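J.: Given the coordinates of chain A, assemble chain B onto it according to the supplied hints.
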Amino acid sequence: DAKTTQPTSMDCAEGRAANLPCNHSTISGNEYVYWYRQIHSQGPQYIIHGLKNNETNEMASLIITEDRKSSTLILPHATLRDTAVYYCIVRVGGAGDGGSNYKLTFGKGTLLTVNP
Amino acid sequence: GAGVSQTPSNKVTEKGKYVELRCDPISGHTALYWYRQSLGQGPEFLIYFQGTGAADDSGLPNDRFFAVRPEGSVSTLKIQRTERGDSAVYLCASSLGLAWTDTQYFGPGTRLTVL
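Chains as they are written, first to last, in this note's numbering: chain A, 1 to 116; chain B, 117 to 231.
One chain only, chain A, in its complex shape (with noise of 0.2 Å):
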């Protein structure tokens, strides 16, 4: 799987639009970006996925740009529970080799806090 690059951390104001971006300058042509968080103290919980369309669902948005190689998580009204360590993952979509498809491969992500 392709390897990504976030910021350490980010802070937010309350009510503002979170926008986390992350690099994947060797993503392939087959290989979706997916979007996990994790809330201290618990496990990582699924927020969204696309492959090249930009995504948008009841959590956030995706914003995948055209050559791929970067990506963008925005939450729009962040709140104080939005607070976590983001993990931007590369990962095997479709058909693939039926092995390593199935692992998530975690980076250290990005921790947002959302301030009051």
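The hints are simulated quantities; they were obtained by calculation from the structure and are not laboratory data.
Hints may contain errors.
Under the rule of at most 30 Å between Cα atoms (straight-line distance), these lysine-lysine pairs were calculated in the BS3-like manner [unchecked claim]: (1) Lys194(B) with Lys69(A); (2) Lys3(A) with Lys108(A); (3) Lys52(A) with Lys108(A); (4) Lys69(A) with Lys3(A); (5) Lys131(B) with Lys108(A); (6) Lys108(A) with Lys194(B).
Residues of chain A clear of chain B, computed beta-carbon distances all greater than 10 Å [unchecked claim]: (7) Met10; (8) Arg16; (9) Pro21; (10) Ala60; (11) Val114; (12) Pro116.
Predicted model, so just to flag it, every value in this text is computed and none were measured.
For each residue, glycine too, the CB sits at the ideal point set by N, CA and C.
T.: Showing chain B alone in chain A's frame:
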């Protein structure tokens, strides 16, 4: 519905002892995964099961670590002759199947401390 549960939530043991960590996946989920998370790091893959069989155990650090899932539901991670370096949070996840679109849902983890 109920999520992935793990017991115990905390386990303190002495160096050299044997420990078992239990994971109850979401009902109906056929795939189960174990990860380990050291302080300040992201989770690291250990092993995953499809049904009763371990499909990939390449992440187990050495032969002191072993995991079973005898009936295709509950799984137990077993660690023999524990060492201080085994101290970490052990996370379990499950997914409906092994389709790449199947989301992995994580439990809260078991915090293991080896004194």
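J.: Is it correct that the beta-carbon of arginine 16(A) has no partner in chain B closer than or equal to 10 Å?
T.: At about 26 Å from chain B, arginine 16(A) clears the 10 Å cut-off, so the statement holds.
J.: Is lysine 108(A) close enough to lysine 194(B), meaning Cα to Cα at most 30 Å?
T.: holds, 26 Å
J.: For proline 116(A), is the shortest beta carbon distance to chain B beyond 10 Å?
T.: The assertion about proline 116(A) holds, with a minimum of 26 Å to chain B.
J.: Over 10 Å to the closest beta carbon of chain B is the bar; see if alanine 60(A) clears it.
T.: Since the minimum Cβ distance to chain B is about 15 Å, alanine 60(A) lies beyond 10 Å and the statement holds.
J.: Next pair to validate is lysine 3(A) with lysine 108(A); report whether the Cα-Cα distance is within 30 Å.
T.: holds, 12 Å
J.: Take a quick look at whether lysine 52(A) and lysine 108(A) sit within 30 Å of each other, Cα to Cα.
T.: holds, 24 Å
J.: Please confirm whether methionine 10(A) is truly not at the interface, meaning its C-beta sits more than 10 Å away from all C-beta atoms of chain B.
T.: holds, 16 Å
J.: Would the hint linking lysine 131(B) and lysine 108(A) be met if the CA-CA limit is 30 Å?
T.: holds, 28 Å
J.: With the threshold set at 30 Å, check whether the alpha-carbon distance from lysine 194(B) to lysine 69(A) stays at or below it.
T.: violated, 40 Å
J.: Is the Cβ of valine 114(A) more than 10 Å away from each Cβ in chain B?
T.: holds, 20 Å
J.: Between lysine 69(A) and lysine 3(A), does the CA-CA distance stay at or below 30 Å?
T.: Within the cut-off at roughly 11 Å; holds.
J.: Taking the closest pair, is the beta carbon of proline 21(A) still more than 10 Å from chain B?
T.: holds, 17 Å
In summary, the structure is inconsistent with hint 1 from the numbered list given earlier, while agreeing with all the others.
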